[in-house]
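Given these sequences and hints, build the entire structure.
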Amino acid sequence: MTKQTIKEQILHFMESQKKKSFSMEEIAQGLNLEKSSDFKILVQTIAQMEREKSVSFNKKGKVLLPMKDLLIEGTFRANERGFGFVTIDPEEPDVYIPKEATNFAMDGDTVLIDVIQHADPFSDRGAEGKVKEIKERAVSQVVGEFVAYSEEEMAEMGLYGYMIPKDKKLNQYTVSIAPEGIKPVDGSIVIAEITYYPDQEYPTSMEGLVKQVIGHKNDPGMDILSIVVAHGIPTAFPDEVLAEADQVPETIAESDLVGRRDLRDQLIVTIDGEDAKDLDDAVTVQKLANGNFFLGVHIADVSYYVTEGSQLDMEAYERGTSVYLTDRVVPMIPQRLSNGICSLNPHVPRLTMSCEMEITPEGEVISHEIFQSVIQTTERMTYTAVNEILEEQKPETLERYKELVPMFKEMGELHHILEEMRMRRGAISFEDREAKVLVDENGHPQDILLRTRGVGERLIESFMLAANETVARHYHDLKLPFIYRIHEQPKEEKMQRFFDFAAVLGILVKGTKENISPKDLQKVLEQVENKPEEVVINTMLLRSMQQAKYSEDNYGHYGLAAEYYTHFTSPIRRYPDLIVHRLIRSYSQDQSEKNQEKWNEAYQKLPIIVQVWNVAQLMQSVKWTP
565 MTKQTIKEQI LHFMESQKKK SFSMEEIAQG LNLEKSSDFK ILVQTIAQME
615 REKSVSFNKK GKVLLPMKDL LIEGTFRANE RGFGFVTIDP EEPDVYIPKE
665 ATNFAMDGDT VLIDVIQHAD PFSDRGAEGK VKEIKERAVS QVVGEFVAYS
715 EEEMAEMGLY GYMIPKDKKL NQYTVSIAPE GIKPVDGSIV IAEITYYPDQ
765 EYPTSMEGLV KQVIGHKNDP GMDILSIVVA HGIPTAFPDE VLAEADQVPE
815 TIAESDLVGR RDLRDQLIVT IDGEDAKDLD DAVTVQKLAN GNFFLGVHIA
865 DVSYYVTEGS QLDMEAYERG TSVYLTDRVV PMIPQRLSNG ICSLNPHVPR
915 LTMSCEMEIT PEGEVISHEI FQSVIQTTER MTYTAVNEIL EEQKPETLER
965 YKELVPMFKE MGELHHILEE MRMRRGAISF EDREAKVLVD ENGHPQDILL
1015 RTRGVGERLI ESFMLAANET VARHYHDLKL PFIYRIHEQP KEEKMQRFFD
1065 FAAVLGILVK GTKENISPKD LQKVLEQVEN KPEEVVINTM LLRSMQQAKY
1115 SEDNYGHYGL AAEYYTHFTS PIRRYPDLIV HRLIRSYSQD QSEKNQEKWN
1165 EAYQKLPIIV QVWNVAQLMQ SVKWTP
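Numbering (our numbering), first residue to last: 565 to 1190.
One or more of the hints may lead you astray.
Heads up, simulated EDC-like pairs for lysine to aspartate or glutamate below, C-alpha to C-alpha not over 20 Å straight-line [to be verified]: (1) Lys-1058 <-> Glu-1078; (2) Lys-973 <-> Glu-960; (3) Lys-694 <-> Glu-709; (4) Lys-1113 <-> Asp-653; (5) Lys-851 <-> Glu-977.
Cβ-Cβ distance ranges computed for the label pairs, FRET-style [what the hints assert, rightly or not]: (6) Lys-1083 <-> Asp-671: 25 to 31 Å; (7) Lys-775 <-> Gln-899: 23 to 29 Å; (8) Lys-1074 <-> Val-607: 33 to 39 Å; (9) Gln-593 <-> Arg-825: 26 to 32 Å; (10) Asp-829 <-> Pro-657: 56 to 62 Å; (11) Ala-853 <-> Leu-962: 22 to 28 Å.
No lab work stands behind these hints, which were simulated from the structure alone. All of these numbers come straight from a predicted model, not from anything done at the bench. Ideal Cβ placement from N, Cα and C applies to all residues, glycine included.
Shown next as structure tokens:
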């Protein structure tokens, strides 16, 4: 094999791939080079190509094609101030696109760019480019407020009016409304289908047809509803989905109990916010004679009703998650299920997936069981009431729930044990300051409150984390196909930036950027607790983290300092949890050859499922989500 031949093969291979950076091993594998002599030639050839400037190396030592003088495909992400960034390779920094170089690209468009300035790792300066071509438009419909023209203006311009987009990333544009579509009244909130996009002749305007009137700008809750529609969140379920939901019984039958453990005689409660209606988790705690604790976590068995391939399943897959807004919830599954048969309402039997654990005073789970069950919750508790019992010792609340108070005290004790265990191993606890907006019956904001997290909120979090870890460990040990929630170690360059930022504030970070432990970062947060710089350090550290994602392989969870983790506890509102429940149900059946075939089929599907959900997650705003 000559160097000239292999050089052509290297360039052809790299140009044919979607990713833009490659290790030597990846190139060798792509070229089917198995002999050590061929690998030596590969290394020599790439070194020569680097001298010739036909390839380059990034800071990780991976091989790159030179971006200058080539048109590179990527996804444009707009900023409301007019500039944007193009993502070419998720493993590489984005390319900055100045306002004057966007070529009228919009958020989400697939574009071809020309890189006009390379990144300089020594000055921390990123690459800069300009959009040369828009290959595919992502924005086909726009939501906004319609402004009607007068009759004279209509006659003069041949247009019915114009629309002001709600999306701030489109605030430099107006949408001229052609008369052929629906003719809304002035002040209507509408959906317009774009027929003409901005260009050099009309740089600040588009043209479209009104396809739907959502309501009027003065209607109650219209601001929230218009945002929901603008983000493509479906506000109604298709008729066929609702029809299938109507076929689901409102009560359970004896036939539903086959193969289930009956836990209806246990003291089990739900603990949620006052306004929650989809109660999908319930808990029980008991201190044992040996000093250990019994923890039962019971999750609504949504997968029993939302079966694979059904209309309900396909719609849940498309939605992916429930969306919680200021004045409403847009559910993943119809409310007939989420607030009904799948909600663990008090005093009625409900089907569940259960994870029962025995936990030592040191926080170690020494035994566990995972099984299908039926429960009947004793009480629908609120975080407020539990906080009044455990923190405030409010007399009237203690009296009202006197039969349950001993269990809540044991819950508080177990929570502190689990919390201390997580802190000992180095779990990173970000200060989460959320605001709660109070609105009136017309959807108008009345007050903004800082949402506080008392012991009631934190103990439920502790119990759900324990169940998620236990379930993940169980199926990993069984070596069965499974979905894990993973969180990888921060990237070195981001850690270096955080180190530099912290140093400016006089904060010393132990550890190195190459191998910093979660415990080292936890100590940084402890240093700034209740200090003026706490919020900014929390924010900068959060931005330095990689985003948690789903994987069919287990790599642990860095932020939680957990060796195993999954999402098991929210199948009403999160589709990956629903898949986890289906896998558990499948594995609880007999070990027949037919089931082995199904498991193999599931294993083949898992990479596709996790990839879809990781992409969907990237489309959402980044927030710390274990």
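Against the structure, the hints:
For the proposed pair Lys-1058 and Glu-1078, the alpha carbon gap of about 11 Å is at most 20 Å, so the pair holds. Among the hinted pairs, Lys-973 with Glu-960 is consistent with the structure: their alpha-carbon atoms are about 16 Å apart, no more than 20 Å. In summary, the hint linking Lys-694 to Glu-709 is not supported, as the alpha carbons are separated by about 31 Å, beyond the 20 Å threshold. This hinted pair checks out: Lys-1113 and Asp-653 have alpha carbons roughly 17 Å apart, not beyond 20 Å.
As the CA atoms of Lys-851 and Glu-977 are separated by approximately 9 Å, the hinted pair is consistent with the 20 Å bound. For the pair Lys-1083 and Asp-671, the beta carbons lie near 39 Å from each other, so the given range of 25 to 31 Å is not met. A C-beta distance of roughly 27 Å is found between Lys-775 and Gln-899, which places it inside the suggested range of 23 to 29 Å. The hint said 33 to 39 Å for the Cβ distance between Lys-1074 and Val-607, and at roughly 37 Å that hint holds.
Checked against the given bound of 26 to 32 Å, the beta carbons of Gln-593 and Arg-825, roughly 49 Å apart, lie outside it. At about 58 Å, the CB distance of Asp-829 to Pro-657 agrees with the hint of 56 to 62 Å. Hint check: Ala-853 to Leu-962, Cβ distance near 26 Å, so the stated range 22 to 28 Å holds.
Violation of the numbered hints given earlier is confined to hints 3, 6 and 9; the remaining hints are satisfied by the structure.
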